[in-house]
Amino acid sequence: MNQWLDERLNISRLNDKFLRKAFPVHHTYFLGEITLFSLIVLLLTGVFLALSYEPSTRLVPSFLDKTQMVPAAYSSILRINWMPFGDMLRRIHHWSANLMVAASILHMMRIYFTGSFKKPRELNWWIGMLLLVVTIITAVTGYSLPYDNFAKTTLGVVVGIVQSVPWVGDWLAQAAFGGKFALDNAYMIPRVYGYHIMLLPAILLGLTGAHLLIMIKQKHTQPQYAKRIAYKKIVGVPLSTQQTPIALMLAFLMAGIVILFAAFIPVHPVEVFGPASDNPVANIKPDWYLLWIFGVLEMIPASAKFELFGGEIGPEFIGGIVVATLVLLVMLAVPVFDQSKENLYYSENPTDHPKRLAAGVAFFALLLVWSVAGYKNDFQWPVAPFWILTFVAPAVSYFVTIAIVRGIKSFKAADERDRELHAAAADD
Amino acid sequence: MSRRKFINAAMGTTVGIGGLSLLSIIGAVKPADTLTPEKTLPAPGDVLVYADPAKNGAPVALSDIKEGQVVYAFPKGKIKGVDVVKSGVTRNQVIIAKFPESALKAPTDLKGTDQGIVVYSRQCMHLGCAVEIKAYPSKNLQEAAVCPCHGGVYDLTQGARVVDGPPPAPLAQLPIKVQGSQVVVDGFFQSLPYDITEAEFETQKKEFEKA
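Read top to bottom, the protein sequences are chains A and B.
Just so you know, the numbering used here puts 243 at position 24 of the first sequence, and the rest follows in order with no gaps.
Just so you know, the numbering used here puts 143 at position 16 of the second sequence, and the rest follows in order with no gaps.
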């Protein structure tokens, strides 16, 4: 059969050119793969969910209680829950989404801390950032679809944030969500559904393809040990066949863990929130990866508003869009700070670049402070400590990181001296 | 004209015209904004009815409005001769609260209160979540409107002034008066409620004043 295919498709050339490519093996190099596998699991489970989901706000008798009128989207979720393994399907989808975001953030941290964004890989850093943003938007549109009260509140806040854009916000929100936000807006859920299952996944797949092709073209960064084995040569195992079983094992192990989680830990139980209504949801919080924006929205005071050329700039725009955009710009700017002309071959040791390491730690400390601020409301904490921490926490973590790195270095140097001393003593 | 120039010009024209024609789909993305009777503003003469679906749209009983216990309601009024409960938008759900008359202070519109009963839109001015009524000890409030979304806190005794959190404006007060055993709307929202522009607000007001 190989020969039959080869004569028609020239498989052996593909094999020589792509499938035999060697990729390095290192335990931190699998994070991107996990992201990709989560995406595959999401696409597979998503297709099955789409087969049974009804994207509509039209009121229908509830699937469980025919006397109650609920939105059709909500009712169809109840029906999916009732289907054999239907609830499992939803949970696997939801857990994989969490895993995809988590793995991509860890993947990004690995790239950042090892300096792998440096020339020639800046393009892939930027594509990766876009992937992260699109992944998060896809996740948010996803948990808006059940149209339970939690989803409806989330959607209301998202529409509100879009609306808060000065000058064009109203038009933008109405164009994106099919008119003004209302419980019975017939366009809204089909819009979000369209984004979630077509537009955003198409963008995700396109960007993922580009991300992978660029990675193959530019070659993966090599681990430090490769330097010792064969300097400036590619050290690794070929994609086909040696890397394939490793990847498959990883994929199935990941799927197994996700399914275990899904089996025992429910996510987004729609019955708890009830169908979309005008009632508030107590202690509502977004998913963990958006908690920092939520915290910022709580921190920006009511007085942060002004008019600019006839446009209203308010706390919701500053908290929901301006701060998030600034954070994203800082992340996008990372490769710009590096001015090296040389191409990078090897993943760098994070402690060899204490300033970069410390800046990264400070960045995540800031996001952590903002995420904790998301709980301000629940405990009626005052806002002032969070504003102080916004500046103090990153500064402290920056200098502490640098101090720790220096400490480790001086210990190492002392060790080295000791060893030399002993070696010299033994020579005598 | 050289062949290269001709092809470039031809390509530019087709890309331009084709691209522009594709822009026309943007015209379709924003549906027309239709104002259904359920989404109109509360207007003078509307009776406040229970928001609780179990109460089937019965007018709020005065005996239910007590200090320390709020009632959520929708305005019910006649639009073109037909009775309509205006529950189509979140901003129309209102909080009916009662305080000792001496406790109500400016900037509350005191003329819009009656027997210490004061009414506000329930929709938070920050990002439009429905607010909850609960004690807020850190600001010494027994009964505050607290938004579960981003922690906006409003003081209901002072015109729903923002005392904590990010909302850019106070909750909109709806003037009312007590007529017999019913609470009746006695004017329009005293400030812009959530998600309505000044122009829309004024147009609707004029529409009602004409009728």
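Hint data in this document are derived by calculation from the structure and do not stem from the laboratory.
Don't be surprised by glycine CBs; every beta carbon is placed ideally from N, CA and C.
Some hints here could point you the wrong way.
[Claimed, not checked] Across the chosen pairs, the derived CB separations fall in these ranges:
(1) A:R447 x B:G139: 36 to 46 Å
(2) B:I152 x A:Y450: 51 to 61 Å
(3) B:A188 x A:L263: 21 to 31 Å
(4) A:A321 x B:A338: 49 to 59 Å
TODO: Look at the Cβ atoms of A188 (chain B) and L263 (chain A) and judge whether their distance stays inside 21 to 31 Å.
DONE: For L263 (chain A) against A188 (chain B), whose Cβ atoms are near 55 Å apart, the range 21 to 31 Å is violated.
Task: Beta-carbon spacing of R447 (chain A) to G139 (chain B) - inside the hinted bounds 36 to 46 Å or not - done: 56 Å, violated
- [ ] May I ask you to test the hint 49 to 59 Å on the CB atoms belonging to A321 (chain A) and A338 (chain B)?
- [x] Check passed, 57 Å falls within 49 to 59 Å.
Task: Range agreement (Cβ of Y450 (chain A) with Cβ of I152 (chain B), hint 51 to 61 Å) - done: 56 Å, holds
Hint check: violations occur at hints 1 and 3; the rest are consistent with the structure.
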